[in-house]
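**Student:** Protein chains in written order, with full-length UniProt numbering: chain P, 1 to 508; chain A, 1 to 508; chain R, 1 to 508; chain B, 1 to 508.
Treat the hints with care, since some could be wrong.
Pairs involving identical chains hold if they fit within one copy or between any two copies, as the list cannot separate such chains.
[Said to hold, decoys possible] Restricting the straight-line Cα-Cα distance to at most 25 Å, the calculated cross-link-like pairs of lysine-lysine (BS3-like) are:
#, residue 1, residue 2
1, Lys233, Lys364
2, Lys70, Lys394
3, Lys432, Lys70
4, Lys432, Lys359
5, Lys254, Lys94
Derived by calculation from the structure, the hints in this document are not laboratory data.
Here's the letter readout for the chains.
Number of protein chains: 4
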Amino acid sequence: MGSNKIEYGFLKEIGLGSENLGGYINGKWKASGPVISTVNPSNNQTIAKVTEVSLEDYEEGLSACSEAAKIWKSVPAPKRGEIVRQIGDALRAKLDDLGSIVSLEMGKILPEGIGEVQEIIDMCDYAVGLSRQLNGSIIPSERPNHMMLEVWNPLGIVGVITAFNFPCAVLGWNACIALVCGNCVVWKGAPTTPLVTIAVTKLIAEVLEKNNLPGAIFTSLCGGAEIGQAIAKDSRIHLVSFTGSSKVGMSVQKTVSERFGKCLLELSGNNAIIVMDDADIGLAVRSILFAAVGTAGQRCTTCRRLFLHESIYQTVLDQLTGVYKQVKVGDPLEKGTLVGPLHSRVSKEKFAKGISLIKSQGGKILVGGSTIESDGNFVQPTIVEISPSAPVVKEELFGPVLYVMKFQTLEEAIELNNSVPQGLSSSIFTEKPGNIFTWIGPNGSDCGIVNVNIPTNGAEIGGAFGGEKATGGGREAGSDSWKQYMRRSTCTINYGSELPLAQGINFG
Amino acid sequence: MGSNKIEYGFLKEIGLGSENLGGYINGKWKASGPVISTVNPSNNQTIAKVTEVSLEDYEEGLSACSEAAKIWKSVPAPKRGEIVRQIGDALRAKLDDLGSIVSLEMGKILPEGIGEVQEIIDMCDYAVGLSRQLNGSIIPSERPNHMMLEVWNPLGIVGVITAFNFPCAVLGWNACIALVCGNCVVWKGAPTTPLVTIAVTKLIAEVLEKNNLPGAIFTSLCGGAEIGQAIAKDSRIHLVSFTGSSKVGMSVQKTVSERFGKCLLELSGNNAIIVMDDADIGLAVRSILFAAVGTAGQRCTTCRRLFLHESIYQTVLDQLTGVYKQVKVGDPLEKGTLVGPLHSRVSKEKFAKGISLIKSQGGKILVGGSTIESDGNFVQPTIVEISPSAPVVKEELFGPVLYVMKFQTLEEAIELNNSVPQGLSSSIFTEKPGNIFTWIGPNGSDCGIVNVNIPTNGAEIGGAFGGEKATGGGREAGSDSWKQYMRRSTCTINYGSELPLAQGINFG
Amino acid sequence: MGSNKIEYGFLKEIGLGSENLGGYINGKWKASGPVISTVNPSNNQTIAKVTEVSLEDYEEGLSACSEAAKIWKSVPAPKRGEIVRQIGDALRAKLDDLGSIVSLEMGKILPEGIGEVQEIIDMCDYAVGLSRQLNGSIIPSERPNHMMLEVWNPLGIVGVITAFNFPCAVLGWNACIALVCGNCVVWKGAPTTPLVTIAVTKLIAEVLEKNNLPGAIFTSLCGGAEIGQAIAKDSRIHLVSFTGSSKVGMSVQKTVSERFGKCLLELSGNNAIIVMDDADIGLAVRSILFAAVGTAGQRCTTCRRLFLHESIYQTVLDQLTGVYKQVKVGDPLEKGTLVGPLHSRVSKEKFAKGISLIKSQGGKILVGGSTIESDGNFVQPTIVEISPSAPVVKEELFGPVLYVMKFQTLEEAIELNNSVPQGLSSSIFTEKPGNIFTWIGPNGSDCGIVNVNIPTNGAEIGGAFGGEKATGGGREAGSDSWKQYMRRSTCTINYGSELPLAQGINFG
Amino acid sequence: MGSNKIEYGFLKEIGLGSENLGGYINGKWKASGPVISTVNPSNNQTIAKVTEVSLEDYEEGLSACSEAAKIWKSVPAPKRGEIVRQIGDALRAKLDDLGSIVSLEMGKILPEGIGEVQEIIDMCDYAVGLSRQLNGSIIPSERPNHMMLEVWNPLGIVGVITAFNFPCAVLGWNACIALVCGNCVVWKGAPTTPLVTIAVTKLIAEVLEKNNLPGAIFTSLCGGAEIGQAIAKDSRIHLVSFTGSSKVGMSVQKTVSERFGKCLLELSGNNAIIVMDDADIGLAVRSILFAAVGTAGQRCTTCRRLFLHESIYQTVLDQLTGVYKQVKVGDPLEKGTLVGPLHSRVSKEKFAKGISLIKSQGGKILVGGSTIESDGNFVQPTIVEISPSAPVVKEELFGPVLYVMKFQTLEEAIELNNSVPQGLSSSIFTEKPGNIFTWIGPNGSDCGIVNVNIPTNGAEIGGAFGGEKATGGGREAGSDSWKQYMRRSTCTINYGSELPLAQGINFG
């Protein structure tokens, strides 16, 4: 396909070649592990080769990172913010190129690829301000001549393991905050998106070098499960931020907990949209489309379950099947494409198996339902009419498959929304204040993201991102997410010469 | 011993008899499990008998509690605060009696017993104010006609598993907050302090009943490991707050994580005091005494390791051995006693074994070192001179044993402080601002509690209580600990008719 | 009237007699100013006599208060909270009696009198929790070895000047917060409600005395404008919290500003309710009634302006006139009364003059419009149809007079709402999310209180109470109102030996 | 002098010529008022000519600004942040040139000129992050089916009147925050630093234009007292932020208060440094030098009073006079100069008069004390030994004059520190924790800035800047200063169909 020619242009712009070293270790690019090929999911042809890191490389990287941590944590937070500001500017200067490589290697459409890079830039801007606001507290002490402080200090090293579907934004959520908080970062990107990992790391590395800081402050590792497991086990890594499936996440948590480390988990979602009888149907249909087929259904916030009030069930379904039929599936770098390929051959196979399973459980395919014959991993955006009690509905099938179900009352719809193991995102479409506030209140959605009249996906960085239950409970990006990247101390300073005790206890 | 006669007086005052039912289930006192005896650790004689709950009782309790949770979470938070205020008043009215039963059954001296009850009362007062301050946030949205909210809703049910050493204060830390946050509480007290559990529960139950609220809002269960395990496994319990050893804590966490529940862990401590060459020695010695022998060394915040600057090593040691020799060990209810018995025969045996191990690792007993011949579980407050590299120093021996070690520089002392698996509490005695701020800063103590010129123990409720590393990472009582008892939702409400996307993405 | 007999009962219960001293000065009851009579507004008969304070008394009081301030500010905040808790309990024990005296002396109906006392009690409970949460901040410094703190310290003395319409609740808003913040309080109640002032002060005084604290921590002064002026001028009083008319408030502010003191102003309101075409009419009518005739229209949050969408104009008006006709005007202590007398003969006269002025400006009286012949200060609840351009509509007539006007669009209604000098409270009745969020957003109401589907009056203590523009800008009760009662210091501590400068400046 | 040739270089770089229009009005450069000359204080020669605005220009500007306010307040805050980010980048690109023009026109040395511009840049970076954190609150309601919100909305227009001594940093403190908060800004710079005003405005204007936003969002006015008075009176300007003397500030406040507008005042300082007997003398001397002679003593935070413990009085004085003698006074643009000229001929005259007054009140000149013969406004850095009771010590003499006094105890030193009308900044030099915490506590300094072991001047932007008493009480830059630029609404939304009342009142 013609797109290859275009590709090489922007690859070079950001320092990528046909062969690339996949480790930024102790401030140097090196890697002594296996050589892998990274492929374009639109045609499964090799884009470039990448040498992954070995466990020896890992050990060298962590060793240097531990040393760098001593330096970095003593740099005043606003000065760390200035470094993150420069990282943001470096990314901004390469926004389009980076967006293109995300699109090429991951398979999402270009506006989404650029949007993803914009999200790291936004995170950098946000983190700069935050670097002067990592505030502790002075809490009134009940004892005279005592001062009680809640102080926040850096953890040390934060490991960030990201997934293919957001090959760089999730790094941004974590690393921007972790860095201003005074932590070194060890990043393992997805094994199938090494070019994005390398390209982003190069820009960060340049900033560190320009400021005469140890490169080991940011350690980047292309590699597979072996490296992920090393991170999970490594007690030098105080926090492991993991994005991926609930299954792998639970295993990571187990390993990290056994060494009393901290975890921040962003796991599977199984997100629902509820459309009430009083909803703005046009708004709902546009939102469902974006939520269900955006990123080819491979967002953790993708809408997978659609609950329609019986009174507008058929209307919404008719409109939705109408717009589904106009969706252009194709090369994600081409203008006009709305849905690119699934990320990998395996994804395509899982889609096919998933459709079989759906049918076997009584699911009725309304639109789509097939893979698309081609060298790439394309599949049809799919709508399925199914019973909420079908077991498949409780699981996350990572592709553009939407289950449609009917309900009669808000209470019933909320109960359905909450009836799956996952608890990431959820939306309602309604025009009634009573419905809105019930939905976001104690008897409403049990998810971490609870939207009204917008899709389940497309979060802003100012809020905390993450979900409950099998989604893992972590929160990233805005709000007070930064607290997870720091160690809290309750400090009481006696500056008098007496020794009064708390609760008025008299001892001796 | 004469104390028995006094005992029965205050037991009756708070509704306890010679035989007691150990379950408050669905608003009724019932229990169908084994009958156990609770003993006075000063003489190992039975105080009273208690029937523990069975798993059937547990199931009935949880079933009722789940129903009550639907009601309680919809009560406005300030109204929940009013209930907690009444609980505080009920406890205040029985302060001395409750303090006595704590002292009798746990073995701590009476001022500490009363102090512990005062701590729940303080928590109630604090939680009342908090009930109008469980504030969410309104966060600026980047999209026109959108409002972004961070809303906090109740979790549902909070399980609280407490330990013998603080048989009621830890319940207070958790339950007062959990209740105002809108959660029902399921409490399992320590198997060896059931009378405290029952007495406290009775007062809470009366308040619920007086306000025509379901008793199942507070479910109380006397029982052993089987009940604890049931709580850990039960997916109806959204948060399990566990206080106990690191070993059991890790097992609880594993069980709870496997069902993607939440844990709040308060585990082992191994707390150090550092005395610098410029310290106020008198203040330090008084503090070390309270920290090392208070509660007979059975606080999680007990000082177990003492680091003395070489220049004041002998001076401090001389003064300390001097005061140790004057410490009165005896009946905790008697005036003048500073150190009561260990809580159980097993504790006394562990103490004896611990001393042997200490000696075998080169520890030199400076004071104490023996159990005391008597029907009770008394042991001698003990000071040991030992090398920081001895393995015993890394472990928590739950009794009044203090390891003394020498250092030369602040950096060395901090490194020693941080060199154990546990990370709960720590103190420095110094008069230099440079030392103080280094100690509480990024290169200082890695503990959750970082004190200056006060002991390691005796925390105020306004701060967050808890520790890092093998101490489990939970935070209880003040600061923003309440957030752990609630579910956070990031809500975005679109009140316009357009559908702008975050990061300026243009889809379709 | 028969009520007099009942009166004397509850007066004695709270320590009031037929003659009373109006000053609590340096912990003693004394007063050497003029003797005044306080009257029952239902019949204008004397309830009791009160000796007001003289300027000499004032000086003695302030002098003692200044000394007490040195002690009180050094008491740890949570200990100050414990005193406020006891004050709350003392009030709670006399809730009904205090409510009755409020009702008797001020003229509001008994449920409102009791509600007002409950509000101080709520404030006490709230302030107790707050006493452990008057948190400062630790802010990251850009300089190594520097710590930046934002510390909150007591101001010293807070003067509180309250008005007749809330003779004790407003004291509670201010004093509970001021006290836990470490300030002494100097209270001047309204000249026409001295019994409430004395009764409340007696309970506070007893608590201080019981705790062996100087009575001068709370200094209470019955008196007139001369005493108010002394407070405004007195540079020993760091903050003057004034509740009253915009006119007097501006004069107080001028006086206080001239000595660079601080003011907290709660001045006139001119509050509107907007009823949209999609509103729940029943809910709106009930709310308008409470907002317009509650406390006989003498709340600062009383609804004085009613904007009805043209499509529901007549419907609402019909229902409203219907319920107005059923309103029982009479003795506020009698069960069933909804509207008591105006507070004073002067108020009644102003009402009569106001009605004349309204008529002269084209106002059409739909209901009421007359004073009621009796010994008391009763007037008829009144509805007036008038043009929004009539000058009277811009002013606050302190009685139960409601101006009704018509509008066509939300924008128009908001513009009308915002078109008066005052900016206290405002409400909209609507069922559309777009209307709600527009109303509370940047293009909505410009008031300090912006309600939806509830009346303009009846605020909860958890929020900040107060208004913009001619209402004076102060905020009392909840949220971060406490900050106004404290002095903020930005503290930077250099604990190193170098002298780095901010903004990287190199000097010398 | 040779510097003129250099000057014109950087002037052109930032768009300045020999004749300049002094108004940016409705997005256009225009001015129809008097033409003034701006002079170099080093030689009193004209740098360039500037046409000031007339009252007609003012009116046109405000009219356009009012229209622009409607647009700007509806732009989402993070988008406003993006504009401020671009302003920061525009300033960063011209950092050295702007620093030079500040130095040339104001007279401060170049490192201080550049530092001042860096401060606006820092403010921009900070404000970008803040634009996603202008958080309101969701406060628990005591009523079922009610939601209580504290919402922050833009004020509308903020007037900023700045002084010559910080001709652009103070604009930055105000405008960066005001803009992200959604307000338009009307800026009147000092009449004697119009080139700085114009240069900074040009960069801001370009950013607005590039983003197709109305230029009237930022309205800039060169002019004198007449324009300042117009701003104070103008009820379209919701907040007037004024920096200047206490005397003028009080007058501004009076004018603004009369229309119930808001004021933010940064007025006179009279700042002290206390040196305790245990201080690091070397650190203290270096700090005093910077604090007393930096910016030629023309900072509001300049140290004017020095309290030395009697035991180190002579030592400090000897060292201080030693370093004073080495201070190079001269052209502020020349490398090596520490002290430039006073800003104006009038300042030089006031200095001379001030020295006479000092002498007449018993002051003994230890160093300096004279003006320097030259075309410029140079004076000698001066140290005066004087009694704390001399009236001159209570006043702010705006030049490099330092009063030295002796004390015996910390309590005495604090009392002296607090004994002046002003309350801006203060420092202590000590190595004792007891001194430090007393100093920052309730019995310590009564200033807004309370430093330890650093000078009185040189604040970081992360903290709140401002002072108490005659300093005016305003707070700018960091912490929650942004709240002053917004309007707070307490919103209660009833989304149920019932009408429960607060405090449990039952009405009707």
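**Student:** The structure should be examined with respect to each hint, and the outcome stated for every one.
**Tutor:** So, going through the hints one by one against the coordinates:
no.: 1; hint: Lys233 / Lys364; verdict: neither (45 Å within a copy, 37 Å between copies)
no.: 2; hint: Lys70 / Lys394; verdict: between (46 Å within a copy, 24 Å between copies)
no.: 3; hint: Lys432 / Lys70; verdict: between (55 Å within a copy, 23 Å between copies)
no.: 4; hint: Lys432 / Lys359; verdict: neither (36 Å within a copy, 41 Å between copies)
no.: 5; hint: Lys254 / Lys94; verdict: neither (39 Å within a copy, 44 Å between copies)
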